[in-house]
Amino acid sequence: MHKEARRRKDGLLKNLEDGGTPPDAEASQGVRAKKRRRHRKAANRQAAPVNGTGAAVPGKQDGASQDQRSKKRRKRRRGRKVYARDGAPAPNGGAARAEAVAPTAHAAPAAPDLVRASKTVEKMPGGAGMAPWRRPGGNAPAYAALDLGTNNCRLLVAVPTRPGQFRVVDAFSRIVRLGEGLTGSGRLGELAMHRAVEALKNCAEKLASRDIRKARLIATEACRSAENGAEFLARVTENTGLVLEVIDRETEARLAVSGCGSLVEGDTEGVVLFDIGGGSSEIALIDISARRTGRLADHIVSWTSLPVGVVSLSERFGGRHVTPEIFAAMVEDVAGMLDAFEGREKLGEIARSERFHLLGTSGTVTTLAGIFLELPRYDRRRVDGLWMDAGDVDRMVSNLVGWEFDQRVANPCIGPDRADLVLAGCAILEAIRKVWPSQRLRVADRGLREGILAELMAEDGAWRRGRENRQQRA
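Just so we're on the same page, our numbering is the position in the sequence shown counted from 1, plus 185.
I should point out that these hints are in silico values taken from the structure, not numbers from a laboratory. Hints are not guaranteed to be accurate.
Distance condition first, Cα-Cα at most 25 Å in a straight line; then the derived SDA-like pairs of lysine to any residue [as the list claims (entries may be wrong)]: (1) 386 with 424; (2) 531 with 475; (3) 619 with 566; (4) 531 with 478; (5) 531 with 517; (6) 391 with 419; (7) 386 with 431.
Can you build the whole structure from these sequences, using the hints too?
Here it is, written out as structure tokens:
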């Protein structure tokens, strides 16, 4: 064995001394030789006659160049690089290869520097900003939605994708408790306004860093009901450059419905959608038993906005130490408001059928879903669209009512920011379930911002224009 190995080694060394190549290199040289021959043939096919020294083969050169162009187009569609070739043989016998990607009419341009858009946003009524469309093949224009509520400040920036869908490219969310103390004083507090302005400064920076095609920046119940709401909005504009639009309760209900359209399945006949906010709770009755249109909001047959939310209810009844008796009193308080809702029976027999369900979009239901799933930390991907049956909801609410404040703080899906609010939200949920006792509840981690984005893109023809661009490229 040792002699045989020595003979192979001696033979290899002699081969190298005589100018040969090692066995491993022969394969790679063969591959390179094949590439050179292929490039040489391609260059010969593309080479045009110069000063009459060469003659083109009739019908062959045009076909070859057309074939090369079609191959390049297919590569571009697949996102592969297309290199320019000079059409003349290189000194080493191969076709010369350019170092850079050849610019063509269809090639995607390099990403430009982000243009500041804050001046555009701040000067449009209601915060609606406009920026030029990008060229076909470039980056898609962005749309923005900001929702300043009684408890949260949230921003979404997204670009349209397939019809009816969009991709989020930036987001911001912070609990600001703008409505803290509003129930007792009727005014927004100084510390609460400061927290909100600081959060909105972050939102303004994010908007300024992108080209925003259109934006809608809204404020809800806290700014609607506060005596100094207008003063606060002026302060926001002065400090951030953002102009916020105070929307009415009907618009708020419609936007919540628009944001959840994709969570209502095709065989559903009726839905009660509710959005438990910080200072108000919107409820919409949706009848889709007949022919369904593309906009879920078109099927609202009745709606109401209760002047109660998690912040206002917890301030009236207490949120830290909630006994079963206090919780029951909360439920009865909200139930009395629902008794005054004249349109609560508009769904009729649909509300008692198997093709009816509740659809909740708020921090209350997403928190219950996270606890139900026993998540070590909140995960939107697992919560959004989750189904819970009546028994699951009963068990989660009962558990929460039995927890002390410290236990709620320790839960990763509640935390210190929501520990004193979650039971007030559960009380509102229980009052809703008493009026519409559905066996199924679907959880939505979406709402006003998604509804704003969907409406902005639809009204602007973003999906139609995108479809036309794709057809042109095809």
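The hints, checked one at a time:
Proposed proximity of residue 386 and residue 424 is supported: the alpha carbons are some 8 Å apart, at most 25 Å. In summary, the hint linking residue 531 to residue 475 is supported, as the alpha carbons are separated by about 15 Å, within the 25 Å threshold. Simply put, residue 619 and residue 566 have alpha-carbon atoms about 29 Å apart, too far for the 25 Å limit, and the pair is violated. Restraint check for residue 531 and residue 478: satisfied, since their Cα atoms lie roughly 19 Å apart, inside the 25 Å limit.
Between residue 531 and residue 517, the direct Cα distance comes to roughly 22 Å. Compliance with the 25 Å bound is thereby established for this hinted pair. The suggested pairing of residue 391 with residue 419 holds, with an alpha-carbon distance near 20 Å, which does not exceed 25 Å. With a C-alpha separation of about 18 Å, the suggested pairing of residue 386 with residue 431 holds against the 25 Å cut-off.
Comparing the model with each numbered hint stated earlier shows that hint 3 is the single one that does not hold.
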